[in-house]
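Novice: Quick one: dock chain against chain with the hints and give me the complex.
As they're listed, the protein sequences go chains A and B. Okay, so the first sequence: first residue is 1 according to this note's numbering, each after it adds one. Okay, so the second sequence: first residue is 1 according to this note's numbering, each after it adds one.
Treat the hints as calculated values from the structure; they're not laboratory data. Note that this is a predicted model, so its numbers are computed, not measured. Beta carbons: idealized from backbone N, C-alpha and C, even for Gly. Some hints here could point you the wrong way.
Sample of chain A residues facing chain B (criterion: CB under 10 angstroms; computed from the structure) [stated by the list, open to error]: (1) Ala115; (2) Leu173; (3) Val174; (4) Arg184; (5) Ala185; (6) Gly200.
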Amino acid sequence: MKRSMGVAAWMALVAVIGAVPLLTDDRYLLKVLVFVGINVIIVSGLALLFGYAGQISLGHAAFVGIGAYASAYVTSGLGLPWLVGVLAGTTLAAIGGLLLAMPSLRLRGHYLAMATLGFNEIMYVIFREARAVTGGNDGLSGIPFPEVLGVRMDTPASIYLLVWGTALVVVFLVANIVRGRPGRAMRGLHGSEIGALACGVDVARLKIRTFAVSAGLAGLAGTLYAHAVGFVAPSTFSLEQSVVLLAIVVVGGTGSLAGPVIASIALTLLPYADALIPGLGKDVIAFLQDWEADIYGIAMIVVVVLAPKGIGGLIRAARSRSRAEETG
Amino acid sequence: MSLLKVSHVTKRFGGLTAVDDLSFDVHEGSIKAVIGPNGAGKSTLFNLLTGFDRADSGAATFLGGDLLGRRPDTVVRRGVARTFQNTQLFEELTAHENVLVGVEPSLRAGFVRSALRIGIRAEERDARERADHILRLLDIERWRDVIAADIPHGVRRSVEIARALATGPQVLLLDEPAAGLNGAETQSLAAALYRIRDHGATIVVVEHDMGLVMEVSEEILVLDRGRKIAEGPPLLIQKDVAVIEAYLGEEVEDDDV
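Bound-form chain B, shown alone (with noise of 0.2 angstroms):
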């Protein structure tokens, strides 16, 4: 059953097209993966979905409303939660009060309650122990009480997709969970990914690691200068023409050099 409907989504920026007429559908409990080379308008896509940025024209269905033109939190409110290519963490929190942020919008403690503490212990309680179900899910609760600036990088992204996770999403949207990642790291990635999906969270991935896309996404959507130039199951895409001459074609030449 499709839980995300993306229709017809347009997006420029001045003459450049970044999303060009673009639909396609991601399926429940299912893990998808978005390739293209750089510039395809797969950040682009990401944050037109999240709120971050305004669609010029088109949909994306999810749970019976329209995303596009929505804020940011209310998107995450509404199911849909994201990491950033570049990891936004709160640096000078530890993973798990990262985490705890991420919790935010299942509690209901304001000013008034939180300054009086008027019933906000069990709230603070079950808080807190999602945050560390959440951190022992992704096997980084040995970072708990760390300050994420004093994280490595590799586990930086584990803890912000704990954090968009905390948020409870039905829709998780990872921006190149495994840059920067080395092998060891990006195994246990793909690992999490399936338990996070086994947790009940369907997941689309923007990801150039082909190993990993090709190894956990069920479908592949492959973008070029903003338009949808392929989509379907990883051993169709591989063999897939267009695909190769614009994703590998002279990128794999370059960057064999």
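Bound-form chain A, shown alone (with noise of 0.2 angstroms):
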């Protein structure tokens, strides 16, 4: 019962997706949900390491940019085939995560974070000034379109589906992984990590693994976001972009992929409200645009306040009453 009843969960999800870009062929609107899906990609990796390890990380941004920038160069620099530039990113940022959980087996909380904050800052400053790959402050352009099998992904709606295809199988993994024994143990080691150690969990191990797949998913998202915007340049992996990645994911709420997902949806359309709502006037989205680091701060701060466990945590507060009500 339960199980069919996620199966058509799943399908009714796929088929929305998929109807998107046969409702819609405004580039603009499919260039936006392309941006959504990158985000969920990376926010299910970062809800995985933060939401139920409970390690924090404001270094994703630049995960993400190890991706962008390894498969912008293999594809663009070596000329080598889009999905060794994939492999490529994702492998290099999963090892990056590797280098990065060695601090995370020493430090916690606040220490931990000013650990992946410099990690970050580390990497800005290396994709800034390590010009022969990244090409400077000015970045690498003409990078190429998806292409599998002869097959060129060059337009808005391909690339939409190239995108949130890989967010779906990416979401149904971490779910999978999350509900699993990584998923519980990683959920016990958030909650105490000597009751963790003393329920026989690999603790060392268990953060270097999940340090390295969420950093792995979130070079993933950065490969796609090279070759869907075709231009990658330092900015877009700040600190500040982390920041806003790890906003999301409080938003969100720990201990909750759905939460997260969610958040990431919402807060990545805010600023392209009009996409959605074309009689939007110009000032709003000029208004939603100069203030987003400021609505996403509030949003946090409401959260916090309001419902500490975030949009997980009213979600799951939602599903009990009616289970309540159900039995009586």
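Specialist: Next comes the structure, spelled out in structure tokens:
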């Protein structure tokens, strides 16, 4: 019963996502939705690391950057196929995650936040200064469109389908991880590292793997970004972006995947609200874009004060209420 | 037969010797109590045995190997589990989920198999059943779906014992399981300890509740300032002059005021 409902929900999700490019050929809307899909992938990975395992990262934008630059360089610099670029970007970001996991074995809370923040800053400097590979402040342009088996994905609709297809697979896999053994161990680690150790959880290995998977997903999103936009520049991968990503997970709620996914969709759409609501005035959009960071900040404060468990907590509360009503 | 053999274990913190050349045996299938005044080194002893702290010297032989100097998770996987004086539950997880994390050592599914859901259905089902079985063993199944943060103090101790038991230990180290329990709860704890022992686990319990200690333990180890001052069956320990001086002497008067 429960299982068939899950399958039905997934199929409905696939249908909705697949229907969008059939219903609209609005290039602006599709491009905005591509950014949303990319953020869904990054946030799924960050929810795993921060929301489930309780390990903070203020360096996730850097992993996105590693994926984006690596894939851009491999394809447009070395002339290798798109898929090789994707694999290289994802793998390199995951390796970066392994490195960043090292401080997490010794540092907690604020100290880990500082270490990961430092990592983002270091990578940011590298993105700007390693001109031979990254193009420096000017960035890299002319990154080729994705191409698999001779099929070039050069229309907004095809890129939309590629990004959202990937996002669906990622969310599905992460959902399975969080409800299985690794997810339970992560939630245990989050609750009490001592308690997790006392249960036989190999905490060091769990942290390293979670960091690697989380960073790898950010890297994968980065490769999609590079080929979707065709251009990468350092500012996309600044510390500010890492803060925004973390804010999305906080608003979405810890110990939840659905919450952060919903939050990433809502908060990424916000500054581009005119894509969904065509009649929206230019001044409203200008306001939303100028005050974007402030709106995220306010959203975070509202969540921390009114619903500390975020959107995910609200979903859980609603579920248990409906379950209570069912059983009377 | 001796299941756990502690020999000449010493631990110093700066100038303080918390555990001083301590040796004792734990017999298979027994319940052994460790008592002593605050600061006698009881919790330190548990920390040394379970890898949460490092001994300066000595050995703890268990199943032919030395426990000391191993990581906490390795010690658990070898078959020595513990609870804590300050419970270390996963507050956001339900009682059932807490115990499920305890089943961890017997599970195999990693990231890849979990993500792809390959061959994990039987493993997951068995784990859930085992967690339910242990909740029933400790008579706390009605708290199954309540998160730990909402579970009353007395039951929290039982949830932590259940979680430790889920790791499938041969030796279970309990650090003050009766602290904060009322009379009825202490009685049901005593009954639970017998059930756990009959289930196949050897128990070592640090406890201040003398009624419980005298009732359940077959042997008592008395520590004072890190040293063993007495060891033997409850009736003998009750009469031991050194024990009365070190442990009962001043403390009882203070506590009675």
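Novice: May I ask you to test the interface hint for Val174(A) with respect to chain B, counting a Cβ-Cβ separation under 10 angstroms as satisfied?
Specialist: Constraint on Val174(A) satisfied, holds at 8 angstroms.
Novice: Does the CB of Ala115(A) sit less than 10 angstroms away from some CB of chain B?
Specialist: This interface hint is violated because 23 angstroms lies over the 10 angstroms limit.
Novice: Checking hints one by one. Is Arg184(A) an interface residue toward chain B, by the C-beta closer than 10 angstroms rule?
Specialist: Given a least distance of 5 angstroms, the restraint on Arg184(A) holds.
Novice: Does Ala185(A) meet its interface restraint, that is, does its C-beta lie within less than 10 angstroms of any C-beta in chain B?
Specialist: holds, 6 angstroms
Novice: Could you check if Leu173(A) really has its C-beta closer than 10 angstroms to a C-beta on chain B?
Specialist: Holds: closest Cβ of chain B sits about 4 angstroms from Leu173(A), inside 10 angstroms.
Novice: Hold the hint about Gly200(A) up to the distance rule: shortest CB distance to chain B must be less than 10 angstroms.
Specialist: holds, 4 angstroms
Violation of the numbered hints given earlier is confined to hint 1; every other hint is satisfied by the structure.
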